[in-house]
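Trainee: I would like the entire structure built from these sequences, with the hints used as guidance.
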Amino acid sequence: MSVGHGKDSILILEASPAGVPWEKTFLSLPVVFKPGSQFMYNSGASFMLSAIIKKVTGQPAHEYLKPRLYQPLNITNTTWGANWEGINMGASHLRMPTEDIAKFGQLYLQKGMWSGKQVISADWVAAASSKQIENGHNDSSWGYGYGYQFWLNPPGGFRADGAFGQYSMIIPELDAVVAITSESIETKKTMQIVWNVLLPEMKAAELPADSTAHNTLVNELKALKYYPPQLAVTSSIAEKISGKEFMLDKNPFNVKSVTFSFTGDNCIFTLKEEGKPDIVITNGANRWIRKGNLKPSAHSLFSLRRIDFDSIVAASFGWQNDNTLLLTWRYIETVHGDSFTCVFDRDKITIKPLFSVNRLQGKADDRADIGGKIV
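Per the numbering used here, residue 1 is the first one in the sequence shown, and the count goes up by one each step.
None of these hints come from the bench; they were simulated from the model. Treat the hints loosely; a few may be bogus.
[To be verified] Calculated lysine-lysine pairs in the DSBU-like style (CA-CA distance at most 35 Å, straight line):
#	residue 1	residue 2
1	K131	K24
2	K66	K188
3	K7	K111
[Claimed, not checked] Okay, the calculated beta carbon distance ranges per label pair:
#	residue 1	residue 2	range
4	W84	D366	17 to 27 Å
5	G275	K240	25 to 35 Å
6	H299	K225	26 to 36 Å
7	K276	G371	34 to 44 Å
8	L198	K250	44 to 54 Å
9	T216	K240	45 to 55 Å
Beta carbons are placed, not taken as given, at the ideal position from N, Cα and C, and that holds for glycine.
Mentor: Following this line, the structure appears as structure tokens:
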């Protein structure tokens, strides 16, 4: 990524005036350095590669890749966010399951070969995974050189590296691929665990059979769980507010009202929005409920950050105190989620949204609090 800009251009592109093509904004930016002379991570440049594909082929990059990459690898459950022009973002917003991220890495490990077919050029794999530009002094996980959209790994090999800890790490020397999907603001630590803990234990020689160790690993993997917040499951006001409709103040999301219905150990949250079907999310008391819970594509109270697609919702609830209800929602099609702190004061309510990344970063949410009351 060395087009000569002084800083990453993606935020500038996203702030383009309505109707102005992002490509025009990109090409209007000053070229501070001689192109190719200085590395700088530039998501806007990756967007331009996507724009070029659409211009040349007449198809968005995501559609162009389906018969050429996704179908040969049997990758079927993907989305890729696009701007208003229908151009896929290029540098971000591509979503696929962890297993498919591993397939992508395996394809590159096999030098573009899949099931006996050369899916992508072996020459391209070699070039893309080689150092094309210096980007540091071998002093960090991001300082060992950069290829074509790939970072070089400190212990060898290369990787696709996405925001908040999404990785497809290819280590040819060990004939290995490590795929990780996570939500982390300490991605350096994630990689260091791979470099310093996992890889040293991977030997060239085949491990002897060990049924005891194998069964232990299988059982540990089956037992892995991600727990919701563990809070009080009852409140003295739950019965008083159950089933009551809270009409909300005017808000940017056009949400008209919300209702909380407590039945057994569930809290059924209903959101009404003018001109759209109700959204109903069933929350379990200190446990996840997924069945029937769906987040529609970006609108309503849901965060717009990296989750602008339909997703099943794993939802839980608990009481932080007698007047404060916490709803926790994880969108299982991504690594992110939302929480909504609902503060009740007699017939009034204040809803405080918090995106999971903001929580990790200790930052306030982009969405303002919303007030309302029972009418």
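Trainee: Decide, hint by hint, whether the structure agrees.
Mentor: We went through each hint and held it up to the structure:
1. K131 / K24: 30 Å, holds
2. K66 / K188: Roughly 32 Å between the alpha carbons, so the hint for K66 and K188 holds.
3. K7 / K111: Measuring from Cα to Cα gives roughly 33 Å; hence the hint holds.
4. W84 / D366: 17 to 27 Å: 20 Å, holds
5. G275 / K240: 25 to 35 Å: 31 Å, holds
6. H299 / K225: 26 to 36 Å: 31 Å, holds
7. K276 / G371: 34 to 44 Å: Since K276 and G371 have Cβ atoms about 21 Å apart, the given range 34 to 44 Å is violated.
8. L198 / K250: 44 to 54 Å: The hint (44 to 54 Å, Cβ to Cβ) holds, given that L198 and K250 are roughly 52 Å apart.
9. T216 / K240: 45 to 55 Å: 50 Å, holds
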